[in-house]
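Residues per chain, in single letters:
There are 2 protein chains.
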Amino acid sequence: MKRWNIMLTGFGTVGQQVARLLEQRRERYRELYQADVRLVGVVRSASGLYDENGIDSGKWEDYAHTKQAGNPSWNALEFIKSAQADVLIEAGPSEKEGGPGLTYIRYALENAMHAIAISKGALVVDYAGLAALAKKHGVALKVSGATAAALPTIDLLQYNLAGCEVKRVEGIFTGTTNFVLTKMMEEGLTCAEAVELTQKMGIAEPDPSYDIDGWDTASKLTILANAAFGGQVNLKDVARASIREITSLQIETWKKHTKIPKLIGTIQKDANGTLTVAVELCAVDFTHPFASVSGTTKAIRVETDVMGDLLVVGGKSDPVAAAAAALKDLEHIMSR
Amino acid sequence: MKRWNIMLTGFGTVGQQVARLLEQRRERYRELYQADVRLVGVVRSASGLYDENGIDSGKWEDYAHTKQAGNPSWNALEFIKSAQADVLIEAGPSEKEGGPGLTYIRYALENAMHAIAISKGALVVDYAGLAALAKKHGVALKVSGATAAALPTIDLLQYNLAGCEVKRVEGIFTGTTNFVLTKMMEEGLTCAEAVELTQKMGIAEPDPSYDIDGWDTASKLTILANAAFGGQVNLKDVARASIREITSLQIETWKKHTKIPKLIGTIQKDANGTLTVAVELCAVDFTHPFASVSGTTKAIRVETDVMGDLLVVGGKSDPVAAAAAALKDLEHIMSR
Numbered sequence: 001m002k003r004w005n006i007m008l009t010g011f012g013t014v015g016q017q018v019a020r021l022l023e024q025r026r027e028r029y030r031e032l033y034q035a036d037v038r039l040v041g042v043v044r045s046a047s048g049l050y051d052e053n054g055i056d057s058g059k060w061e062d063y064a065h066t067k068q069a070g071n072p073s074w075n076a077l078e079f080i081k082s083a084q085a086d087v088l089i090e091a092g093p094s095e096k097e098g099g100p101g102l103t104y105i106r107y108a109l110e111n112a113m114h115a116i117a118i119s120k121g122a123l124v125v126d127y128a129g130l131a132a133l134a135k136k137h138g139v140a141l142k143v144s145g146a147t148a149a150a151l152p153t154i155d156l157l158q159y160n161l162a163g164c165e166v167k168r169v170e171g172i173f174t175g176t177t178n179f180v181l182t183k184m185m186e187e188g189l190t191c192a193e194a195v196e197l198t199q200k201m202g203i204a205e206p207d208p209s210y211d212i213d214g215w216d217t218a219s220k221l222t223i224l225a226n227a228a229f230g231g232q233v234n235l236k237d238v239a240r241a242s243i244r245e246i247t248s249l250q251i252e253t254w255k256k257h258t259k260i261p262k263l264i265g266t267i268q269k270d271a272n273g274t275l276t277v278a279v280e281l282c283a284v285d286f287t288h289p290f291a292s293v294s295g296t297t298k299a300i301r302v303e304t305d306v307m308g309d310l311l312v313v314g315g316k317s318d319p320v321a322a323a324a325a326a327l328k329d330l331e332h333i334m335s336r
Numbered sequence: 001m002k003r004w005n006i007m008l009t010g011f012g013t014v015g016q017q018v019a020r021l022l023e024q025r026r027e028r029y030r031e032l033y034q035a036d037v038r039l040v041g042v043v044r045s046a047s048g049l050y051d052e053n054g055i056d057s058g059k060w061e062d063y064a065h066t067k068q069a070g071n072p073s074w075n076a077l078e079f080i081k082s083a084q085a086d087v088l089i090e091a092g093p094s095e096k097e098g099g100p101g102l103t104y105i106r107y108a109l110e111n112a113m114h115a116i117a118i119s120k121g122a123l124v125v126d127y128a129g130l131a132a133l134a135k136k137h138g139v140a141l142k143v144s145g146a147t148a149a150a151l152p153t154i155d156l157l158q159y160n161l162a163g164c165e166v167k168r169v170e171g172i173f174t175g176t177t178n179f180v181l182t183k184m185m186e187e188g189l190t191c192a193e194a195v196e197l198t199q200k201m202g203i204a205e206p207d208p209s210y211d212i213d214g215w216d217t218a219s220k221l222t223i224l225a226n227a228a229f230g231g232q233v234n235l236k237d238v239a240r241a242s243i244r245e246i247t248s249l250q251i252e253t254w255k256k257h258t259k260i261p262k263l264i265g266t267i268q269k270d271a272n273g274t275l276t277v278a279v280e281l282c283a284v285d286f287t288h289p290f291a292s293v294s295g296t297t298k299a300i301r302v303e304t305d306v307m308g309d310l311l312v313v314g315g316k317s318d319p320v321a322a323a324a325a326a327l328k329d330l331e332h333i334m335s336r
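So the sequences go chain by chain: A and B. For what it's worth, UniProt numbering labels the leading residue of the first sequence as 1, then goes sequentially. For what it's worth, UniProt numbering labels the leading residue of the second sequence as 1, then goes sequentially.
A portion of the hints provided could be inaccurate.
Note that identical chains are pooled: a pair holds if it fits in a single copy or bridges any two copies.
Result set (DMTMM-like, lysine to aspartate or glutamate): computed pairs, CA atoms no more than 25 Å apart in a straight line [as the list claims (entries may be wrong)]: (1) K136 - E331; (2) K259 - E280; (3) K255 - D285; (4) K259 - E23; (5) K2 - D309; (6) K167 - E23; (7) K255 - D207; (8) K200 - E245.
Hints listed in this document are in silico derivations from the structure and should not be mistaken for laboratory results. Bear in mind that the values here come from a model prediction, so they are computed numbers and not experimental data.
Here chain A stands alone, though its shape is the one from the complex (with noise of 0.2 Å):
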């Protein structure tokens, strides 16, 4: 029986749920993998908690409750280094300048630590920074809940696909996005009341803007443009649309000529290779495939040489979710 101790960065909705399923899979770990899975630290902004034998669920269910104060003298990367974990899951915010997640990833990978991010932030900066570090360490970056999470779309990519060459993605990578467009549809809301819906639902970013202006979308596909077709995209180079300027006119006109705006993210590679990456904000007809992936749904479509195209709809859009994507990604890499 292997001992795999798991770090976990970032203590919100998510790291607590990766928390939950860490703690309900031990069983499952263990038969499928001859594999002891104990989470050993937790970190937050200002504290984290440790024990070397695990922490249950009985442990740190108040310390999620408890508030974070400014503390001079917390050292994360202290913590994590005297943990001596075998996988770090990256839980935190997703930070457009990459924010600590950065660090933790980095400190991680040269430390021969595998690395789950779920997290977009660290990605978006430097993937091919620190996926060259996970092969200098032979260790793994695995991306599966920044992308989407429970929607496949790395995997998909890199693994259903093998072999295939992949000419075009196309999808709908934001289901906060998505539902508010629904709302305005279906509902005659306007967005700004769809957003605070989607804030009391709690399927928001902490800023409305990530989703609605379009760089949730453009941060998945700057990760899957990096990480599956090895480009060299920068988000700044992403065209990228908003919801938030949508009138009600516009939405009586789609609906006169039964379209459906749809916030649809696209890679398109060219014969030589380029990559084109863009966030475009779509009303498509009625018959087509996104149509019909109303609410928080996802998708993803793809065109391939010699597989023909395939179309991925699904894949719930919650904390619970995005957790099991990580923790999918776990047992990928225990199965190496």
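Go by the hints and put chain B onto chain A.
Using the frame of chain A, we list chain B on its own:
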């Protein structure tokens, strides 16, 4: 650079495409897996072709078209034995009793060769036995080519949804049957006329009953139930529907009610873990996700505990796509 010798059993249209893709992808395998992959042997019903340095298309193209006559001295197992390959790819016809494919795959696994099945016969007859052999000898038994090929099914259940509990699987698993149904509905063809068309197109199995009477779908379900759910399902116990007896009156009635007939295979897991496996002819509503899956297109829909539902539609139904699915399996073996 590790040498990977491939033995190919069955050399019809699919087998030839395997040989062709292996040749086209040689450079890919070198770069990605540091693997020197060579097709060293080809087995047909009454003869074989062998070259320890690799058989390229210049060598096999004539051979593929020579007529096979009865040859009492031909011993395929002896031939396979002497070739000492690392991976056996079984691409013969799918026979209900397992046929030679079962003998070949069993021999391969017993002799620590990885096995990739495209034909379904052996897997339907004895998946559990073959999987146990693979485990015992530390090799892989891969079945993508036998379970809807370019449409990911076994991968979806075992890889993309690792860690989830899958409660229900339903799908359109036989492209030929779906094509026949589509032609009957859209062009008023009889079942026999549409079958004739599939034979002209080269997409029908040698025995049309295999597709039309639901054997193909039932076989794929049997393999999926046993491989992905650890079931002990026998093909003969799978309730099975045929599209042979559909009348023009039925067609008219479905049209009148905007229903669309689909041959749907399901695996249902009850709360106590019991699997119910069935092939049914269902007239689905035009809003059903399967309603727009027409022609040779296939689809699978799964319901999970924590990742929600996933629908996958597409994947070509032709010999190249089937070969590509088998070579996807090869890549997964090489990256183990």
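Hint by hint, here is what the structure shows:
Taking the closest pair of Cα atoms, K136 and E331 come within 25 Å of each other both inside a single copy (22 Å) and across two copies (22 Å). For a Cα distance limit of 25 Å, the shortest separation of K259 from E280 inside one copy, 15 Å, qualifies, whereas the shortest one across copies, 35 Å, does not. In this assembly of identical chains, the alpha carbons of K255 and D285 lie at most 25 Å apart whether taken from the same copy (11 Å) or from different copies (23 Å). In this assembly of identical chains, K259 and E23 lie within 25 Å of each other by CA distance neither inside one copy nor across copies; the values are 46 Å within and 46 Å between.
Proximity of K2 to D309 under the C-alpha cut-off of 25 Å is found in neither arrangement, the shortest distances being 40 Å within a copy and 33 Å between copies. Taking the closest pair of Cα atoms, K167 and E23 come within 25 Å of each other only across two copies (21 Å); inside a single copy the shortest separation is 41 Å, beyond that limit. Taking the closest pair of Cα atoms, K255 and D207 never come within 25 Å of each other, the shortest separation being 30 Å inside a single copy and 49 Å across copies. For a Cα distance limit of 25 Å, the shortest separation of K200 from E245 inside one copy, 22 Å, qualifies, whereas the shortest one across copies, 54 Å, does not.
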